[in-house]
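Counting in my numbering, the sequence shown runs from 1 upward without gaps.
Mixed in with the good hints there might be a few duds.
Straight line, CA to CA, 20 Å or less: simulated EDC-like cross-link-like pairs of lysine to aspartate or glutamate [to be verified]:
id	residue 1	residue 2
1	LYS328	ASP417
2	LYS95	GLU405
3	LYS187	ASP117
4	LYS201	ASP272
5	LYS304	GLU232
The hints are simulated quantities; they were obtained by calculation from the structure and are not laboratory data.
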Amino acid sequence: MTDVYSGHSQFVLLTDNRRRWFDGRTLFLLIVVTVPIIIFCGIYTIILKGNEALLYPKSYVEVPSLLKHRAKSYSDARSSKYFDIHAPPSVHEVKDFKLVCYYNFPTDDFNTLQPQDIDPFLCTHILVGFASIANHSINLAENELQILSMVASLKTFNSDLKVLVSVGGAGDDTGFSDMVVNHTNRKTFIHSVVNLVKKHKVDGVDLDWEFPNEIPHHDKNQKLHFVQLLEEIRATINKQTRHKFLLTVAVAAPAVIVDNSYDVVYLNEFTDFISVMTYDFHFFSKVTPFTGLNSPLFESQDDKGYFRSLNINYTVHYWVSRGMSRAKIMVGLPTYGHTFRLTNSHNRGLYAPARGVGKLGSLGFVDYTQVCKFLDLNQISPVFDLDSKSPYATKGSEWVSFDNEQSLSFKAEFVRDYQFGGAMVYSLNADDHMGACKLDPNVQNKPFPLVGKIREILDKNYSIY
């Protein structure tokens, strides 16, 4: 199975710090729900009983009582501010939208995406991940360094392309925690970044720490230390005469994590842009045993309580309200989906009870090529939720939330119309990079149909056909 999912997850804590979910060496069998999901998923609708109930399930870790109830307070206090946003804002026009694409280091799978198969004109930025942190320094295996250099060589064909190395990824918190704790450690890390940028001719570093202050009983000053790291990297960049580089950060979407982990004003000051991970809003877990949409654009009429805030529109506008410039916000769009196994195959709508992840894909994750095959083989027409602008499909007990060209068109138009800085895609690997989808016999198959559709909408001079 191609490793297309490892790295980004707002709610998943990996037990394998190598972050290789689907190669043969991995024995990762269980997705552990992190503290934030416990916090804000304390309220949910009990579908089995046919009525609503507000529950606060006990966390598996000690959580301050104040945080247990923040989910409902966010929903109530901010509902009138973000839920009903219709007219685009009157702001300075963004003329050149960015399309920031994550690329995971390839595996040995024959279907895996290789650097030479990436269209150098598809994305404006390619973020290659994920590097780890060892001995307070950026760490990449020799084969990963070779891949990074190969991706950087795509700039030979497109001199405007920017290639960055991404550090961290889902579950890789320890390296950051130890590194940021004091100035000496941070200086060591920054020195290693500068050396890598110069040696491998990349354009910058992307920090994907998931997330500062997330794990209880750790350093309570992680939010502050992260700001110090960003400030010191920015100071180093400003001192460079020949090798100035970009500094970007991948950040969480849910408001409760935003407030707990980030000092937004300083992120706005020190970063070139942030990539908001506006996906993984719904997936199967023991505390959320029901179906839901991976990356809804707006709230659905089925959303209740805090779940009304789990959508792109609410979360990116929350970032704006906390002090982040629209032009520095890249709105995250997924090319993968989430699967569920229905409890009752006749109850198959949103929030239908589920008893596990689906068989499609692996561990509840599925790439777009597999979704296409699932739809084609079963002659399924997806259901398109008009409220959230998101599709889902079901067959028997299998239930899949995913994105297609239709849903991503709405989302790219949202980015354009609301004048955000651009879109972030996770990931190139999970798109149909071989052009295998055959859902419409009247349309010529092209590699990267999802990412290409986003680029086409953000850049009027670009066409996928």
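Do the hints match the structure? See the list:
1. The straight-line distance between the Cα atoms of LYS328 and ASP417 is roughly 15 Å, inside the 20 Å bound, and the hint therefore holds.
2. This hinted pair does not check out: LYS95 and GLU405 have alpha carbons roughly 23 Å apart, beyond 20 Å.
3. Taken as a hint, the LYS187 and ASP117 pair is broken in the structure, with Cα atoms around 36 Å apart against an allowance of 20 Å.
4. Distance hint between LYS201 and ASP272 is fulfilled; the C-alpha atoms sit about 18 Å from each other, no more than 20 Å.
5. Our distance criterion of 20 Å between C-alpha atoms is broken by LYS304 and GLU232, whose separation comes to about 42 Å.
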